[in-house]
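Below are the chains, spelled out letter by letter.
Number of protein chains: 4
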Amino acid sequence: MIHAAEMRVRYHETDKMGVANHINHFKWFEVGRAELLREMKLSMLTLEKAGCFLVLREARCVYASPAFYDDLIKVTTKMAEVRNRAVRFEYTITRGDAKLADGYTVHVFTDGAGKVKEIPAKFREKLLAAVE
Amino acid sequence: MIHAAEMRVRYHETDKMGVANHINHFKWFEVGRAELLREMKLSMLTLEKAGCFLVLREARCVYASPAFYDDLIKVTTKMAEVRNRAVRFEYTITRGDAKLADGYTVHVFTDGAGKVKEIPAKFREKLLAAVE
Amino acid sequence: MIHAAEMRVRYHETDKMGVANHINHFKWFEVGRAELLREMKLSMLTLEKAGCFLVLREARCVYASPAFYDDLIKVTTKMAEVRNRAVRFEYTITRGDAKLADGYTVHVFTDGAGKVKEIPAKFREKLLAAVE
Amino acid sequence: MIHAAEMRVRYHETDKMGVANHINHFKWFEVGRAELLREMKLSMLTLEKAGCFLVLREARCVYASPAFYDDLIKVTTKMAEVRNRAVRFEYTITRGDAKLADGYTVHVFTDGAGKVKEIPAKFREKLLAAVE
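Sequences listed follow chains A, B, C and D, in order. Take the first sequence: its letter number 127 is residue 127 in this note's numbering, and every next letter is one higher. Residues are numbered in this note's numbering as their position in the second sequence, beginning at 1, plus a constant of 132. Residues are numbered in this note's numbering as their position in the third sequence, beginning at 1, plus a constant of 264. Residues are numbered in this note's numbering as their position in the fourth sequence, beginning at 1, plus a constant of 396.
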């Protein structure tokens with residue numbers, strides 16, 4: 001499954017170079033991930049109510065071109081991989097035809113206390129079905 | 133009691149106008165407040181371990197002059213008022229002799245579930261003793 | 265003129281109390297203000313291209329009730345006052361029927377170098393026409 | 397050259413999982429990088445005044461263990477590589493003996509207009525001398 005979320009670059013997300021600061025791309029990845037999961041009927045809240053927390057293990061972003069204030073950007077999120085205890089999302093950020101950045105995040109499933117655990121079967125099935 | 137905390141303006145705190153975005157002043161207020169409470173031996177963690185959470189009721193900032201990237205700024209925080217269920221902090225942000233901003237925040241004490249409660253006597257006494 | 269902008273509370277906007285940190289309300293105000301100006305055909309970019317920068321002089325927020333992760337919130341922004349060199353916006357943040365917060369911001373018009381200036385007549389007229 | 401910068405985890409940097417949100421590690425990397433460059437007498441401001449802007453090309457962080465509110469963390473930054481037009485910094489974030497995260501960032505040198513350029517010889521020499 002692939003989800004495309006649109007959003008605008010906010011003023012406070014820019015920095016003195018006049019472009020969106022690179023930190024925000026990871027915030028936009030979060031929005032993309034949340035919306036993809038929502039579309040799969042596995043929203044973060046659904047997962048957390050079932051005692052499953054997605055803890056970040058790794059995040060990477062490669063920047064191709066700057067995003068400017070007020071740009072209408074699109075974050076395309078793909079469920080890339082599902083393992084026993086971890087999932088991997090891949091992202092591309094575009095503005096019109098221009099690619100601005102891409103990246104990925106890897107998350108482990110933990111219980112409320114932060115202990116890594118296997119992804120419950122009912123969730124794993126849904127997640128696996130969404131892998132592109 | 134008055135506490136002065138020094139910190140530098142970070143790159144991602146600036147915006148495309150070339151100055152620190154106004155949102156950050158509230159982050160710097162938080163640092164000032166945390167350090168003042170620490171000096172009073174009533175750190176946020178101490179309060180929270182005792183079931184006391186400081187929930188914001190009001191925040192205001194008046195901006196006099198911009199803060200620039202890498203500026204070494206000073207947040208001076210004062211315990212301004214202690215009521216039965218609420219406290220008020222006042223802040224001034226300066227760079228050398230220049231006043232950049234001032235403001236205040238008002239917080240109510242709540243329990244872990246978000247219910248407003250009276251400030252426990254042992255904490256209230258310490259807080260009152262620190263009022264300037 | 266009054267504009268209502270909808271947005272979701274993002275995960276990284278929450279804090280360890282389990283609710284949206286109070287700093288984000290000022291970010292949401294910014295979104296509301298940008299969208300109101302856009303509706304007036306006076307977007308921030310339009311203003312900045314004409315050498316008009318809106319510099320914050322004052323910001324205040326009163327918090328009534330917490331916003332939670334993934335809440336669909338509405339920021340209602342009103343052009344409240346237009347003076348010779350300054351404008352004032354008022355905001356209300358709601359979730360369904362519940363009021364979460366309200367506040368205001370006051371901005372002065374400056375040129376690119378940060379010097380306060382009068383609002384150009386063509387802009388002032390549009391802004392005045394939008395005052396509620 | 398290696399620089400160790402200490403800082404505290406701020407309240408607004410935590411999220412509803414009760415730990416520092418992963419986005420902040422990139423903010424802390426920025427502080428580490430700025431302080432390393434300052435120690436080399438090549439602060440960001442010095443570089444920018446000479447028309448050299450460090451634009452991010454890539455950022456990655458691997459998270460080993462959570463950072464909690466008020467933790468005193470240490471960001472150790474190393475000048476890892478200097479090429480003709482790009483530099484690479486490596487970071488480790490620790491709390492006492494515990495490793496919390498490590499990562500790297502790659503930056504290209506650009507002029508004020510965003511065009512990639514060669515690192516000026518005088519700067520390149522200093523940077524190369526600092527490579528570990």
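No lab work stands behind these hints, which were simulated from the structure alone. From a predicted model like this one, the values you see are computed outputs, not experimental measurements. Be aware that a few hints might be false.
[Said to hold, decoys possible] Okay, derived cross-link-like pairs now, DSS-like style, lysine-lysine, Cα gap no bigger than 30 Å in a straight line:
| hint | chain 1 | residue 1 | chain 2 | residue 2 |
| --- | --- | --- | --- | --- |
| 1 | C | Lys338 | A | Lys41 |
| 2 | B | Lys210 | A | Lys27 |
| 3 | B | Lys210 | B | Lys249 |
| 4 | A | Lys99 | C | Lys305 |
| 5 | A | Lys74 | B | Lys249 |
Cross-check of the supplied hints:
1. C:Lys338 / A:Lys41: Holds - the C-alpha atoms of Lys41 (chain A) and Lys338 (chain C) are around 23 Å apart, at most 30 Å.
2. B:Lys210 / A:Lys27: Outside the cut-off at roughly 34 Å; violated.
3. B:Lys210 / B:Lys249: Holds: Lys210 (chain B) and Lys249 (chain B) sit about 23 Å apart, inside 30 Å.
4. A:Lys99 / C:Lys305: holds, 28 Å
5. A:Lys74 / B:Lys249: violated, 45 Å
Of the numbered hints listed earlier, those contradicted by the structure are 2 and 5.
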